[in-house]
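Taking the hints into account, I'd like the entire structure generated from these sequences.
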Amino acid sequence: MSDKINLLLENQLCFALYGVMQAMTAVYRKELESLGLTYTQYLVMLSLWQRDNQSVGCISRELNLDSGTLTPLLKRLQQQGLVKRSRNAVLDERIVNVSLTPRGRQLRERAVAVPPRVAA
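Start counting at 1 in the sequence shown, then tack on 28, and there's your number in the working numbering.
Honestly, the hints are just simulated from the structure, not real lab data.
Built from N, CA and C at the ideal position, the CB exists for glycine as well.
Hints may contain errors.
Unchecked claim - What follows is a set of in silico ranges between Cβ atoms, one per label pair, in the way DEER data are often shown:
no. : residue 1 : residue 2 : range
1   : N92       : P130      : 21 to 31 Å
2   : E38       : R133      : 44 to 54 Å
3   : P130      : C86       : 17 to 27 Å
Next comes the structure, spelled out in structure tokens:
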């Protein structure tokens, strides 16, 4: 291929993947509206439903989210009453742990319907 063709937008794998990601996020957004969650908040909740009481660093690594994205997101989840953030006084007070509240655990019951609806 010539350099000109190599640089055409429609020939970029990253652009195709970006389009797929945008389409999937739109499908999830529609389904998550009734739960009051954004797509990224949903990912955090999935992580906590799988393993409750994790450090912010652990969630950050698992979801590949930087602290600049994760911290405000966790604050919003806390304001919604879904999670609780607390300092780890035993190991290191710089470590912030995130755990589900009863309301956050209950939301899981409604979220179970999301994956089958997205797959349909």
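Status of the hints after comparison with the structure:
1. Judged by the Cβ atoms, the range 21 to 31 Å given for N92 and P130 holds: they are separated by roughly 29 Å.
2. Against the hinted window of 44 to 54 Å, the Cβ-Cβ separation of E38 and R133 comes to about 46 Å, which satisfies the hint.
3. At roughly 22 Å, the beta-carbon separation of P130 and C86 lies within the given 17 to 27 Å, and the hint holds.
The earlier numbered hints are all upheld by this structure, with none contradicted.
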